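Participant: In our numbering, the protein residues as written are 65 to 287.
The reader is advised that the hints may include incorrect statements.
Distance condition first, Cα-Cα at most 20 Å in a straight line; then the derived EDC-like pairs of lysine to aspartate or glutamate [claimed, not checked]: (1) K284 - E88; (2) K159 - E238; (3) K285 - E183; (4) K240 - E155; (5) K180 - D126; (6) K151 - D96; (7) K84 - E131; (8) K284 - D203; (9) K217 - E183; (10) K133 - E88.
Calculated from the structure, these hints are not laboratory results. Remember, it's a predicted structure, so these values are computed and weren't measured experimentally.
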Amino acid sequence: MSFIVAIDGPAGSGKGTVAKLVGEKLGLVNIDTGAMFRCVALKMLQDNIALDDEENIKKILDSINIELKNDNGNLIILLDGNDVSLKIRTEEVSKFVSPVSTNPMVRRNLLNLQRKVSEGKNIIMEGRDIGTVVFPNADVKIYLEATAEERAKRRVLQNQEKGLKVDYDEVLREIKIRDERDSTREIAPLKKADDAILIDSTNMTIEEVVKCISNIIKEKKNT
65 MSFIVAIDGP
75 AGSGKGTVAK
85 LVGEKLGLVN
95 IDTGAMFRCV
105 ALKMLQDNIA
115 LDDEENIKKI
125 LDSINIELKN
135 DNGNLIILLD
145 GNDVSLKIRT
155 EEVSKFVSPV
165 STNPMVRRNL
175 LNLQRKVSEG
185 KNIIMEGRDI
195 GTVVFPNADV
205 KIYLEATAEE
215 RAKRRVLQNQ
225 EKGLKVDYDE
235 VLREIKIRDE
245 RDSTREIAPL
255 KKADDAILID
265 STNMTIEEVV
275 KCISNIIKEK
285 KNT
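Starting from the given sequences, assemble the full structure and let the hints guide the process.
Facilitator: Spelled out as structure tokens, the structure:
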């Protein structure tokens with residue numbers, strides 16, 4: 065019997081960090097769906113595959129090997145056996161991943177993978193359509209949001225800590241573009257599930273968000 069926690073929200077809302085910390089705290093397996101889409105985007109960039117090249121996109125999806133591994137609390141992303149944990153977080157991939165994720169073939173392929181790796185596990189999964197599409201019957205659904213300005217600040221700091229140089233104004237512009245694109249796309253748009261709990265983290269610390277979500281999960285488990 066599995067227990068599923070779904071965390072959705074826009075780019076830069078802190079979903080990945082929160083899911084990782086809550087997972088560690090409560091013993092849930094953290095599955096980063098965004099990393100899966102980023103791997104496909106990176107592979108397409110590396111192979112110079114255009115967004116409308118359905119034939120070669122299918123070839124990539126048929127052969128791509130994505131692995132998520134835990135290394136002493138750190139999530140390691142392997143693409144065809146190579147560690148791409150940093151490469152998939154570059155601005156180039158960030159700009160490309162949103163249109164890639166709207167491709168129906170990509171979404172179908174990764175939807176099946178997301179469900180398969182979750183079978184029989186107590187998991188916490190974050191993304192944009194986890195509570196609405198991937199796991200509509202999740203035990204706990206959270207919608208995590210923050211202002212675009214705050215998310216841009218966090219993204220800049222996150223990249224700086226990884227040694228990546230980025231411009232705040234450019235990051236803010238890209239976040240706003242991505243918000244519009246993700247929320248208006250025809251396939252699996254970004255939106256809050258009707259039964260999801262909304263948490264605005266704009267003026268909250270990571271620790272406060274983790275505590276809030278952990279308490280919600282504990283309460284659900286005890287009912």
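Participant: Indicate, hint by hint, whether the structure satisfies it.
Facilitator: Do the hints match the structure? See the list:
1. Between K284 and E88, the direct Cα distance comes to roughly 18 Å. Compliance with the 20 Å bound is thereby established for this hinted pair.
2. Of the supplied pair hints, the one linking K159 and E238 holds, its CA atoms being roughly 7 Å apart against a limit of 20 Å.
3. Between K285 and E183 the CA atoms are separated by roughly 19 Å; this keeps the pair inside 20 Å, and the hint holds.
4. Taking the CA atoms of K240 and E155, the gap is about 14 Å. The hint holds against a cut of 20 Å.
5. Of the supplied pair hints, the one linking K180 and D126 holds, its CA atoms being roughly 16 Å apart against a limit of 20 Å.
6. Simply put, K151 and D96 have alpha-carbon atoms about 15 Å apart, close enough for the 20 Å limit, and the pair holds.
7. Taken as a hint, the K84 and E131 pair is honoured in the structure, with Cα atoms around 16 Å apart against an allowance of 20 Å.
8. Annotation: proposed proximity of K284 to D203 holds, straight-line Cα distance about 8 Å (limit 20 Å).
9. At roughly 36 Å between alpha-carbon atoms, K217 and E183 are farther apart than 20 Å, so this suggested pair is violated.
10. For the suggested pair K133 and E88, the alpha carbons sit about 14 Å apart, so the restraint of at most 20 Å is met.
Comparing the model with each numbered hint stated earlier shows that hint 9 is the single one that does not hold.
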